[in-house]
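S.K.: Protein chains in written order, with our numbering: chain A, 1 to 417; chain B, 1001 to 1417.
To be clear, the hints were calculated from the coordinates, so they are not data collected in a lab.
Certain hints may be false.
With a straight-line Cα cutoff of 30 Å, these simulated DSSO-like cross-link-like pairs (lysine-lysine) come out [claimed, not checked]:
no. : chain 1 : residue 1 : chain 2 : residue 2
1   : B       : 1217      : B       : 1182
2   : B       : 1352      : A       : 296
3   : B       : 1217      : A       : 156
4   : A       : 291       : B       : 1182
With beta-carbon atoms standing in for the labels, derived distance ranges [stated by the list, open to error]:
no. : chain 1 : residue 1 : chain 2 : residue 2 : range
5   : B       : 1330      : A       : 265       : 50 to 56 Å
6   : B       : 1167      : A       : 246       : 34 to 40 Å
7   : B       : 1393      : A       : 316       : 29 to 35 Å
8   : A       : 246       : B       : 1297      : 37 to 43 Å
9   : A       : 112       : B       : 1131      : 52 to 58 Å
10  : B       : 1005      : A       : 397       : 49 to 55 Å
Which residues of chain B face chain A? A few of them, derived with a C-beta cut under 10 Å, are [what the hints assert, rightly or not]:
no. : residue
11  : 1003
12  : 1077
13  : 1087
14  : 1091
15  : 1093
16  : 1120
17  : 1124
18  : 1381
Glycine included, each C-beta is placed from N, C-alpha and C at the ideal position.
Protein chains: 2
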Amino acid sequence: MAEKPLPIDPAIIRRIADEYPTPFHLYDERGIRSNAHRLNVAFRWCESFREYFAVKATPNPHILAILKEEGCGADCSSYAELVLSERVGLVGEHVMFTSNDTPAKEYAEAKRRGAIINLDDITHVEYLERHVGLPELVCFRYNPGPLREGNVIIGKPEDAKYGLTRAQLFEGYRALKKKGVKRFGLHTMVASNELNPQFFVETAKMLFELAVEIAAKVDVRLEFVNLGGGIGIPYRPGQKAIDYGEISDGVKAAYEAMIRPAGLHPLAICMENGRCMTGPYGVLVTRAIHKKDIYKKYVGVDACMANLMRPGMYGAYHHITVIGKEDAPATTTVDVVGSLCENNDKFAIDRKLPPIESGDLLAIHDAGAHGHSMGFQYNGKPRSAELLLREDGSVKLIRRAETLDDLFATLDFAEFK
Amino acid sequence: MAEKPLPIDPAIIRRIADEYPTPFHLYDERGIRSNAHRLNVAFRWCESFREYFAVKATPNPHILAILKEEGCGADCSSYAELVLSERVGLVGEHVMFTSNDTPAKEYAEAKRRGAIINLDDITHVEYLERHVGLPELVCFRYNPGPLREGNVIIGKPEDAKYGLTRAQLFEGYRALKKKGVKRFGLHTMVASNELNPQFFVETAKMLFELAVEIAAKVDVRLEFVNLGGGIGIPYRPGQKAIDYGEISDGVKAAYEAMIRPAGLHPLAICMENGRCMTGPYGVLVTRAIHKKDIYKKYVGVDACMANLMRPGMYGAYHHITVIGKEDAPATTTVDVVGSLCENNDKFAIDRKLPPIESGDLLAIHDAGAHGHSMGFQYNGKPRSAELLLREDGSVKLIRRAETLDDLFATLDFAEFK
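Kindly generate the complete structure, drawing on both the sequences and the hints.
M.R.: Structure (structure tokens):
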């Protein structure tokens, strides 16, 4: 099987690791830009297409600013994400506020910034009205329940805490209309890390069908449908990246067949991807510091679950390239482990790799999304820095590493002096 | 089934929640002290018994200080935990440094503080010597591999990344002795959240047997054995808390039968429990803010995985008491969920509870260990405060809640102004 290529040349990674202490996350600006551009080009037929980047994937203002320049908005799920987006100038309808179990205060903050508010539950119509007042534009999150299969990662929709049922959706739009809301959106999110383009076409068809039915039954004309995020990335070698064109072609055909004949054109289409926007364009660079041989063979590195939680938390696969040994045969089988006192702190289990020596640099692939952002400080581990490889080849520190002062920031030691 | 009692009177919890915004962790000083006292009393027959509290469970200096007053030391696994312990005066042999995949810098920090260094691997003898120099006292962590069954939680020892094999252990002590090390310890950790006292007696027997064999074969006289931690707590109603006396009696009998006859008395015994020291004496207090009825019924609360990760990460059971409804019949079945955009952000699934209204206070039991310390900031969620109910009935803020400034502390927004 061909080695999975890194987004950044290994020689460049080595050069950067000579200058910055490991571990660190390293993002490739060029890759992020060209991918966002590809997505937007694929949907160019839909004038008002917008990708709202799921901030939670990589909540770094420098990354948000790049995606903003590429025409993306922000999908925010919390007050902190609203503020982060605002700091880089993403406000108003460039922001979709998709949260659940939302406190009134966060709705107020979203409304104050003019964000599109996406309600997760039928009871939130009254809750939003009572605490904050209804905005002119309101969106609902639809949970198809048993009417739709979820994908493997996200699970069955009927087990998900999110969204409204079909019946509640109609009831909800009726209520909103009666209360004077003028503009409407419809959202769903039924996939995560899905690599089959047809899945997203089916989602579009589901929402288009609803748009038609909602117009007919409730006389509510939707302004947009949000297909959600969930476009997957090829974590494993041999997996194929999704072709945005295939999704777009299928969605376009459905649009022509369903939306235009119903007289509902123009209907805007949005997505809120996180993983595919930054995931493949970030690597976690770490250094091997120990080798161990007991009942199994281990390579200990200087990163841990503080830097990347997915393998430990979900058993997720992340490819690993040993820098300088890209073409060396994978003749050893090892667990690549971090230093947490948790036996699930392993980046790889029984992984075939070239022989690794202490000091070798390892690049852990696809750590650009849900990587740094999911890290915890358990065991007193500070989280690492984030670096950006710019298009001009320079390197920019876009988040400093944490220090002990950061770890202890909420503690008061006064009485122990 | 009888309701599982809270460590703190529900009326007191309600009073505190009137004063402090939810969610918060609330610890009971009296409970922590009396439990630590019970453990120390149980092992009073062993003059030099010491419990090294596993700092990672609740890395709060105010909690460490209480345990220090009760005679406990600190089990540290990282530089941050060494510093935290030092701040409350825990240094020297009151600290056991049990880490793995350890960087040289952390060994240096441990040695500088005079901590007992527990080596996780045979290669670390040479590594420690080369980078830091060998201290007078060195301990090894033993991994029995297939020679011992682990328990359900910790898994099979042979799949664990920790420790030395039996053969390496003998080789290790020989090498240390040759290099002039004078004092020796032996450690293992083969259980987590274990409720069977006999398990710990078996662990003691395993270590005593090794102590005898090491003395005979390598002429190394161990100064202490560390049984590790792993004493479980009754998370579920109907489970019985472990009786420290039962563990102690069994360990004492083994000591009398194995250590004294071999002429190895006095041999100190240590443990490094975290969970049982603070777990039952902390509750996560949160407020219901939403009710939702779709394909299942949900209660949304103002806490989330930022505050307690165990249910979402491991599917762990944490009992929930609805304050003021302790005696109300559990007539509804609900998922109790937080607001993360992760469907595993659920504190309980299909839990039978009394009907809950928005505004009701929920106390999530047994959140005093591996609760706050495992929280992450994913989705931009600030972590909550920690409060201590003191023995005199007063309440002390022992960690403030995080703010947005904390969440953004490692970012530089200068260029976005």
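S.K.: A separate judgement is required for each hint: does it hold in the structure or not?
M.R.: Do the hints match the structure? See the list:
no.: 1; hint: 1217/B to 1182/B; in the structure: holds (17 Å)
no.: 2; hint: 1352/B to 296/A; in the structure: violated (44 Å)
no.: 3; hint: 1217/B to 156/A; in the structure: violated (59 Å)
no.: 4; hint: 291/A to 1182/B; in the structure: holds (27 Å)
no.: 5; hint: 1330/B to 265/A: 50 to 56 Å; in the structure: holds (52 Å)
no.: 6; hint: 1167/B to 246/A: 34 to 40 Å; in the structure: violated (57 Å)
no.: 7; hint: 1393/B to 316/A: 29 to 35 Å; in the structure: violated (47 Å)
no.: 8; hint: 246/A to 1297/B: 37 to 43 Å; in the structure: holds (39 Å)
no.: 9; hint: 112/A to 1131/B: 52 to 58 Å; in the structure: holds (54 Å)
no.: 10; hint: 1005/B to 397/A: 49 to 55 Å; in the structure: holds (51 Å)
no.: 11; hint: 1003; in the structure: violated (26 Å)
no.: 12; hint: 1077; in the structure: holds (5 Å)
no.: 13; hint: 1087; in the structure: holds (5 Å)
no.: 14; hint: 1091; in the structure: violated (13 Å)
no.: 15; hint: 1093; in the structure: violated (20 Å)
no.: 16; hint: 1120; in the structure: holds (8 Å)
no.: 17; hint: 1124; in the structure: holds (8 Å)
no.: 18; hint: 1381; in the structure: holds (6 Å)
Hints 2, 3, 6, 7, 11, 14, 15 from the earlier list are contradicted by this structure; the remaining hints agree with it.
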